[in-house]
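Got chain A; can you put chain B on it based on the hints?
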Amino acid sequence: MQPTSLMKEEFLKKWQMGLQIYRPLIDNTSVSERRKAIKLSADVAMASLRRGTTCWSRALIQKTATENNFLVRQMLSGIKAETLINKKLPKVMCHRKIVRRSKKNFMRRKSRSVSEEVAAKARKLIKRKTQGLRNVVPGGEFMNNDVLLIQETLDYIVSLQTQVNVMRSIVDAAEAGIERTACYLEKLKFTIED
Amino acid sequence: MDLSGGFGARSDGGGATREATGLESLHLGDEFRQLPSDNNAGGGFTPLLELPSTQPVRLLYFTDSSSSSPQAAAVTGISPPQVHSYGTLTFPSNSVLMERAARFSVIATEHQQHGNLSGETATSSVPSNNSSVKTETNSSQVVEKQSNRSGKRKDSDKKARSSTNKKKNKSSEENEKLPYVHVRARRGQATDSHSLAERERREKINARMKLLQELVPSCDKIQGTALVLDEIINHVQSLQRQVEMLSMRLAAVNPRIDFNLDTRLASPNGSLMDGSFNGTAMQVTWPHQVTETEQSYHHHRQLQQPPPQQWPFDGLNQRVWGREENQDHGSDHNSLMVDFTNLHPNQVKAEL
Numbered sequence: 001m002q003p004t005s006l007m008k009e010e011f012l013k014k015w016q017m018g019l020q021i022y023r024p025l026i027d028n029t030s031v032s033e034r035r036k037a038i039k040l041s042a043d044v045a046m047a048s049l050r051r052g053t054t055c056w057s058r059a060l061i062q063k064t065a066t067e068n069n070f071l072v073r074q075m076l077s078g079i080k081a082e083t084l085i086n087k088k089l090p091k092v093m094c095h096r097k098i099v100r101r102s103k104k105n106f107m108r109r110k111s112r113s114v115s116e117e118v119a120a121k122a123r124k125l126i127k128r129k130t131q132g133l134r135n136v137v138p139g140g141e142f143m144n145n146d147v148l149l150i151q152e153t154l155d156y157i158v159s160l161q162t163q164v165n166v167m168r169s170i171v172d173a174a175e176a177g178i179e180r181t182a183c184y185l186e187k188l189k190f191t192i193e194d
Numbered sequence: 001m002d003l004s005g006g007f008g009a010r011s012d013g014g015g016a017t018r019e020a021t022g023l024e025s026l027h028l029g030d031e032f033r034q035l036p037s038d039n040n041a042g043g044g045f046t047p048l049l050e051l052p053s054t055q056p057v058r059l060l061y062f063t064d065s066s067s068s069s070p071q072a073a074a075v076t077g078i079s080p081p082q083v084h085s086y087g088t089l090t091f092p093s094n095s096v097l098m099e100r101a102a103r104f105s106v107i108a109t110e111h112q113q114h115g116n117l118s119g120e121t122a123t124s125s126v127p128s129n130n131s132s133v134k135t136e137t138n139s140s141q142v143v144e145k146q147s148n149r150s151g152k153r154k155d156s157d158k159k160a161r162s163s164t165n166k167k168k169n170k171s172s173e174e175n176e177k178l179p180y181v182h183v184r185a186r187r188g189q190a191t192d193s194h195s196l197a198e199r200e201r202r203e204k205i206n207a208r209m210k211l212l213q214e215l216v217p218s219c220d221k222i223q224g225t226a227l228v229l230d231e232i233i234n235h236v237q238s239l240q241r242q243v244e245m246l247s248m249r250l251a252a253v254n255p256r257i258d259f260n261l262d263t264r265l266a267s268p269n270g271s272l273m274d275g276s277f278n279g280t281a282m283q284v285t286w287p288h289q290v291t292e293t294e295q296s297y298h299h300h301r302q303l304q305q306p307p308p309q310q311w312p313f314d315g316l317n318q319r320v321w322g323r324e325e326n327q328d329h330g331s332d333h334n335s336l337m338v339d340f341t342n343l344h345p346n347q348v349k350a351e352l
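If you read the protein sequences in the order shown, they are chains A and B.
If you're matching positions, the first sequence starts at 1 in full-length UniProt numbering and goes up one per residue.
If you're matching positions, the second sequence starts at 1 in full-length UniProt numbering and goes up one per residue.
Extracted from the complex, chain A is given alone in its bound form (with noise of 0.2 Å):
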C-alpha cells in the first residue's frame, strides 16, 4: 500500500497547523530548535493521521506528550487529545535476563537432537530480530503479540513514507526557491555592476 494523495494533503494540513503553533518561537531561535520544532510537528501529525487506532500513533502520541503538551493539544482536536494524552500505555515489563536465565535452565533438561537445536537457534534468531523491530517501531514494547507488530509495521512504513514525500517536496520547493533567488541577485549585481 503506498502513500495516497490525500493522505499526503492531511499530512500537509496538520504539519502546518503545528508549525503555525510553533511559529512564535522560530524567528528568533537557533537551527537545532526549528529542526526540533519542525520534527515534532511533523511526527505528531503523522500520528494524528490515524486518530489512535493504531498502537504506534498513541505511543508517538504519548512520547511527545510528555515533554510538549501544548503542541500536542492543540494540534489534535479536541476531543482525542485529552483521551490520548492522559491514557496510559499498558506497561509490560519483563526483566529479559531472568527471562532468558530460566529458560536456559529449562532447555537444558530437554533432550537435544541436530534438528532440534537448528530450529531453536533459528527461533532465537528470528526472536532477536522482531525484538530489534520492536526497538524500532515507536510503542513496539507494548506488542507482544507477534501478529500485532507486523501489522503495526506495516502501517508504521507507510505512514513513514507519507511523511517523507511530503517533507521531501517541501524541502525541495524551498531549498529551488532560494536557489533561484540567489541566483536572480546574482544576476541584479551584475545588471547593477554593468
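Hints in this document: simulated from the structure, not taken from any laboratory.
Computed from a predicted structure; not experimentally measured.
Be careful, since some hints might not be right.
Cut-off 20 Å, straight-line C-alpha distance, at most; resulting in silico cross-link-like pairs (DMTMM-like, lysine to aspartate or glutamate) [said to hold, decoys possible]:
| no. | chain 1 | residue 1 | chain 2 | residue 2 |
| --- | --- | --- | --- | --- |
| 1 | A | K121 | B | D230 |
| 2 | A | K39 | B | E244 |
| 3 | A | K124 | B | E244 |
| 4 | A | K127 | B | E203 |
| 5 | A | K129 | B | E244 |
The following block gives chain B in isolation, referenced to the frame of chain A:
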C-alpha cells in the same frame, strides 16, 4: 495469545445476509495489488475501518477426520446450537467488500462484536469496528492462505476443495448465523486445538510478512523470515533518518516557515490560476535581465547564501498576502516574492 478463546468469541452480529462468491474470493485472493483509495480518510493499512456496515462472516473450520458436530464442537471448545452437518468450507462475503478487498488485497469479510483475535485492547472511539476489521483482515488472510495452500495440495484435498467450492453458494446462507469459527485441518496434520491455533497464528504471520515483503522493495527476493525482518528494520531506520535529515534541511533553509496551503491544495483550479498569474507577472519583470546576464553569470558565478532576513519563506502564501508582507522590501524583492509564491505551489502540486 489464546486463539481458541478467540474462536469462541467470534459471534454473529446478526448483520445482513450475504451471498457467497467463493470462487471469486479465491481469485481475488491471489492478487496482491496495491491501489490507493480515495474514499477513506484514514487510508493506509486500515481502510477497512471505514466500512459503513459490518458484515457477518464465518470461517468454517472442521476436521477432516469427521464432520460430526460434537467432535467439531470439542475442537472449537464450544457447543454450538446450530451444527455444521455439511462438510463444506464457505467464504461468505459481500460484493461491496469484495471490491474493497480487491483494492486492498485482503478479503474483508468479518464482523464481530466482541473478542479480538489479536488481543489488542481497543481504546479508540470505534473499538468494535477496529477489532472487527483487524480480525477481518486476520481471518481473511487466513482464508486466503488456506485457499492458496489447498491449491497446492494433493488430489484428495483438491477434490475436497472443489466439492466445497461447489457447495459454497448453497450453504452460504445457512452458515450465516453461526457464532464460531472453524478451521480445516489439512491432511496429515495434527488436529488438536493447540496446533490448530498455532497453525492459524503462523498463517496470519506469514500472510502479513508477505504484505511487508511487497511493501518494502528491498526484500522481494529474500527467502527466510530473519533476513526479511532485517531488511524491514533497515528500511524503517532509513526512513526515520530521512525524516531527521529533511527536518534539518528545512530548518536550515528558512527561518520563517509561513506557508499557508489551505486554499492551494483544496481548490486545484484556484491554485493553478494563482500559479499561472504569478508566472506571467514574473516573466514580465525579469526576462531581459535574465537573457543579458546569462553569459556573464556562468563565468562569474559566486553563490552566496542570501541573508535570511531578506528572503522570508513566504513561498506558499496567497499571492496577495505575500505582496502585502513585502511592501517594505524593494520592488525587486517584490518580484522575487512573486517568484517564490509562484514556484512552490506548482512544484508542490506537481510533486504531491
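Verification of the hints:
1. A/K121 <-> B/D230: Within the cut-off at roughly 16 Å; holds.
2. A/K39 <-> B/E244: 7 Å, holds
3. A/K124 <-> B/E244: Answer violated: A/K124 to B/E244 is near 32 Å, above 20 Å.
4. A/K127 <-> B/E203: 17 Å, holds
5. A/K129 <-> B/E244: 24 Å, violated
Hint check: violations occur at hints 3, 5; the rest are consistent with the structure.
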